[in-house]
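So the protein sequences, as listed, match chains A and B. Okay, so the first sequence: first residue is 1 according to the working numbering, each after it adds one. Okay, so the second sequence: first residue is 1 according to the working numbering, each after it adds one.
To be clear, the hints were calculated from the coordinates, so they are not data collected in a lab. We put the beta carbon where it would ideally sit given N, CA and C, even for glycine. Any given hint might turn out to be false.
Covered stretches of chain A, going by a simulated chain B footprint (3 or more residues, C-beta under 8 Å) [what the hints assert, rightly or not]: (1) 16-22; (2) 77-88.
Computed list of lysine-lysine pairs in DSSO-like fashion (alpha-carbon distance at most 27 Å, straight line) [as the list claims (entries may be wrong)]: (3) B:24 to B:68; (4) A:101 to B:78; (5) A:67 to A:56; (6) A:101 to A:56; (7) A:101 to B:68; (8) A:42 to A:101; (9) B:78 to A:42; (10) B:24 to B:78; (11) A:2 to B:78; (12) A:2 to A:42; (13) A:67 to A:42; (14) A:56 to A:2; (15) A:2 to A:101; (16) A:42 to B:24; (17) B:68 to B:78.
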Amino acid sequence: QKEVEQNSGPLSVPEGAIASLNCTYSDRGSQSFFWYRQYSGKSPELIMSIYSNGDKEDGRFTAQLNKASQYVSLLIRDSQPSDSATYLCAVSQLTFGKGTKLSVIP
Amino acid sequence: DAGVIQSPRHEVTEMGQEVTLRCKPISGHDYLFWYRQTMMRGLELLIYFNNNVPIDDSGMPEDRFSAKMPNASFSTLKIQPSEPRDSAVYFCASTPGTALMNTEAFFGQGTRLTVV
């Protein structure tokens, strides 16, 4: 069974710090990876997608992929209280992790 | 575009009753997904369609669950009979038909189902 594992948190960081979110997956043949942000009571919305090994940057967000280690991460620089949410790691659209709850403390 | 539209937003029903959840995908999107989200199990894929055809329903928990997509602009998820353990938030999502695995899913607002 294909699995995606995330630390459930909560992860607390002070405002302005770097938040680091991690994810591992079991299917070595996976090709596409996504990070979604979900505010409480809302639907998931895409933050980043990544398909190749290495880093991908978009504003304050950087996604990192290491297919050999089956590991995906999301870094949030200069964390803001508005970043407080649950972050879901997804492999294609078929398998999601349970999410990591991030709390940014003002 | 109005995005993925789900109805109802909230549903409270008694155990044993039939429940029907509805979804209108984004126009032009060829893939439609139904997910269920609970605290215990997270976001789980139930079934997905490509061009109105069910492709993988291995996530459908039991025969009490069924899903249909009679046309490109409408899908239903039905639970009959409903049970308290079906209480969850059900999301519908759609993606363009370029490449299933390489495009983000656009989610509807979800239906919060409570079975008492």
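(request) Mind checking the alpha carbons of residue 56 of chain A and residue 2 of chain A for me, to see if they're no more than 27 Å apart? (result) holds, 25 Å
(message) Three residues or more, CB to CB closer than 8 Å: is that satisfied between the stretch 16-22 of chain A and chain B?
(response) Violated - the stretch 16-22 of chain A has 0 residues with a Cβ nearer than 8 Å to chain B, which falls short of three.
(request) Take a quick look at whether residue 67 of chain A and residue 56 of chain A sit within 27 Å of each other, Cα to Cα. (result) holds, 14 Å
(request) Take the C-alpha atoms of residue 2 of chain A and residue 42 of chain A, compute the straight-line distance between them, and say whether it is at most 27 Å. (result) holds, 26 Å
(request) Verify the proposed pairing of residue 42 of chain A with residue 24 of chain B, using a straight-line Cα cut of 27 Å. (result) It holds: about 18 Å lies between the C-alpha atoms, which stays within 27 Å.
(message) Check whether the Cα positions of residue 101 of chain A and residue 68 of chain B lie no farther apart than 27 Å.
(response) violated, 34 Å
(request) Starting from residue 2 of chain A, check that the Cα of residue 78 of chain B is at most 27 Å away, please. (result) holds, 26 Å
(message) Need the status of pair residue 78 of chain B, residue 42 of chain A: alpha-carbon distance at most 27 Å?
(response) The hint holds at about 22 Å.
(message) Hint check: residue 24 of chain B vs residue 78 of chain B, CA-CA at most 27 Å. Holds or violated?
(response) holds, 15 Å
(request) Please work out if residue 68 of chain B and residue 78 of chain B have their alpha carbons no farther apart than 27 Å. (result) holds, 8 Å
(request) For the pair supplied as a hint, residue 42 of chain A and residue 101 of chain A, confirm whether the alpha-carbon distance does not exceed 27 Å. (result) holds, 14 Å
(request) Measure nothing beyond the straight line between the CA atoms of residue 101 of chain A and residue 56 of chain A; if it is 27 Å or shorter, mark the hint as holding. (result) holds, 22 Å
In the structure shown, a violation is registered for the earlier hints numbered 1, 2, 4, 7 and 13, in ascending order.
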